[in-house]
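*Asks:* The chain contents come next:
2 protein chains.
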Amino acid sequence: MEAGERIERALELAVQRTEADNAPPKLRGAIRHGVFPGGARVRPRLTLAVAQACGDDMPGMAEAAAAAIELLHCASLVHDDLPIFDDADTRRGRPSVHAIYSVPVALLAGDALIVLAFETLARAGAEAPSRLVPLISTIGRAVGAPYGITAGQAWESEINPPAEQYRCAKTGALFVAATTCGAIAAGADPTPWRKLGHRLGEAYQVADDLLDAVSSADLHGKPVGRDLALGRPNAVAELGLTGAVERLEMLIREAVDAVPPSKGEDELRELVRLQALRLAPKRLLQSAA
Amino acid sequence: MEAGERIERALELAVQRTEADNAPPKLRGAIRHGVFPGGARVRPRLTLAVAQACGDDMPGMAEAAAAAIELLHCASLVHDDLPIFDDADTRRGRPSVHAIYSVPVALLAGDALIVLAFETLARAGAEAPSRLVPLISTIGRAVGAPYGITAGQAWESEINPPAEQYRCAKTGALFVAATTCGAIAAGADPTPWRKLGHRLGEAYQVADDLLDAVSSADLHGKPVGRDLALGRPNAVAELGLTGAVERLEMLIREAVDAVPPSKGEDELRELVRLQALRLAPKRLLQSAA
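If you're matching them up, the sequences are chains L and R in order. Position in the first sequence counted from 1, then plus 12, gives you this note's numbering. Position in the second sequence counted from 1, then plus 12, gives you this note's numbering.
It should be emphasised that the hints constitute simulated quantities derived from the structure, not laboratory data. These figures come from a predicted structure and were not determined experimentally. There's no promise every hint is true.
One copy or two, either will do: identical chains are not told apart, so a pair holds if it fits within one copy or between any two.
[What the hints assert, rightly or not] In silico DMTMM-like cross-links for lysine to aspartate or glutamate, where the CA-CA straight-line distance does not exceed 25 Å:
1) 207 with 266
2) 207 with 33
3) 38 with 176
4) 275 with 14
5) 207 with 69
6) 207 with 279
7) 38 with 170
8) 207 with 220
9) 38 with 99
10) 38 with 98
11) 207 with 282
12) 207 with 261
13) 38 with 92
14) 207 with 250
15) 207 with 277
All chains should be built: construct the whole structure from the sequences, respecting the hints.
*Replies:* Structure, rendered in structure tokens:
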């Protein structure tokens, strides 16, 4: 089965479990709306690709790790879009969860998605409980405090947040979890896969800053110019437009080079390059190339 | 070490992990404020008591389960107090988390506490990974959708929520997790401990309804009369004051009777009775007794 299909199937199975036995209808709708249809599913694709490069001896474990990471990413988007944060009425070109289901229900849907991610890991973990421990620790670190998404988001409530730490927590940590958990799920050493996750996380953040600075809301699928308006650390503000584009291109090259020697490493490099390019505003990369 | 000390130490160790390496100061403060000083710690006390009754062969596992359940309870209080839900400026007689640290930071602190609960389980689970799977599944079910706290809370956004299902999800499920996880953490069968959790959960809900209806905000430590004002299912509205007090007394007796034959069962029955009575507005029980 193709990676995209494996991811959607794993997410569908997870979400269906929240819909059993007369679940509260709005919460049910909100959870589904927060997960489907997805974006590029960049993080879970990375997880499965790394698992494959490491032998993928327990496909169910790799799929659970991929799904858990994507569910947590979706949870962060649902909470991030709320009026108290980005106040985004649209996401992926559609109304955001709270715009349809109300702010309270969107908050609860985000909470439920966080819980669902760990339940999904535990369900698959019955097959190999010893892999469950490092998977939960790695993923927990990437979304909790002080190193993960919630901390990254919380830096936005501080004056002059440390730029590197902010970016790492808000975006980088989950990319590192995406690559390293692919290895852990396949019973391999995660260490060689950290750098790939780091570089992609940084690339993603710079790409997002570029999009935020130059896209129209139409292209981006969500309101733009927020970071600048809110005074958050932003690569375009720091490096200028050309500087940010150059930095993005360098990070993509470094990410490609960071793929360690492994089964099918050439295909994996190509996947990394393609996924990384998907992040970038094409118009800018072409003009800079 | 006494149960209360074991709980506070386990919570302290967990919270300290979120405070490492220059964590965002407001988030750090909000997480700590959401956990300390605690209330009666009824749920983790139950977990440890049941673990003890089952032999408590892995105290670290029982403490992690107890701490995880309390962290999730605290997370639910932090989110529940937000202006979009109960809009409670006070909790346990002090300002609520958002009243001090802002609504965005309180929301993130709740998220971080949810993640921390599962990280805490995983850390202890390294000792016995096979117990980790049912612990996470049981606790996840008690806080996620469709059976747990988020679902219970989400019923409040529906018109005429099913009273039984609402109560069970909002309050009962975590009490059931508290008793059954004590058994699981000690490697025992959780089934005989379900009924105790159920009855205590129901007792707690009726007690809370009574407090909501009759207490002064001073006694309760949070604003009162919310349920009635918000049209939520409420035992006092359904049964009247005397009827609700009688129901509470019956539930406490049933809870005491639900303690299965086990090591030190008499002490455990006494603990259950005392903990249950702590829930109740004393003035009412005395006048009804």
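*Asks:* Work down the list of hints and note, for each, if the structure agrees.
*Replies:* Hint by hint, here is what the structure shows:
In this homomeric assembly, residue 207 and residue 266 come within 25 Å of each other (Cα to Cα) only inside a single copy, at 9 Å, whereas the closest approach across copies is 57 Å. When the C-alpha separation of residue 207 and residue 33 is checked against a cutoff of 25 Å, the pair qualifies only between copies, where the shortest distance is 21 Å, while the shortest distance within a copy is 44 Å. Taking CA atoms no more than 25 Å apart as the test, residue 38 paired with residue 176 passes between copies only; the shortest distance there is 18 Å, against 38 Å inside one copy. Only within a single protomer do residue 275 and residue 14 lie at most 25 Å apart by alpha-carbon distance; the minimum there is 17 Å, versus 54 Å between protomers.
Taking the shortest Cα distances, residue 207 and residue 69 sit within 25 Å of each other inside one copy (23 Å), while across copies they are farther apart (41 Å). Taking the shortest Cα distances, residue 207 and residue 279 sit within 25 Å of each other inside one copy (18 Å), while across copies they are farther apart (55 Å). Within a single copy, residue 38 and residue 170 get their C-alpha atoms only as close as 33 Å, which misses the 25 Å cut-off; across copies the closest is 7 Å, which meets it. With identical chains, the CA atoms of residue 207 and residue 220 are at most 25 Å apart within one copy only, with a shortest distance of 20 Å there and 51 Å across copies.
Proximity of residue 38 and residue 99 under a CA criterion of 25 Å is satisfied in both settings, with 20 Å inside one chain copy and 21 Å between copies. Proximity of residue 38 to residue 98 under the C-alpha cut-off of 25 Å is found in both arrangements, the shortest distances being 22 Å within a copy and 19 Å between copies. For the identical chains of this complex, residue 207 and residue 282 are intra-copy neighbours only, at 17 Å inside a copy versus 56 Å across copies, given an alpha-carbon limit of 25 Å. In this assembly of identical chains, residue 207 and residue 261 lie within 25 Å of each other by CA distance solely inside one copy; the values are 16 Å within and 60 Å between copies.
Taking the shortest alpha-carbon separations for residue 38 and residue 92, both the intra-copy value of 19 Å and the inter-copy value of 18 Å come in at or below 25 Å. Proximity of residue 207 to residue 250 under the C-alpha cut-off of 25 Å is restricted to the intra-copy arrangement: shortest distance 23 Å within a copy versus 60 Å between copies. With identical chains, the CA atoms of residue 207 and residue 277 are at most 25 Å apart within one copy only, with a shortest distance of 15 Å there and 54 Å across copies.
In summary, the structure agrees with every hint in the numbered list given earlier.
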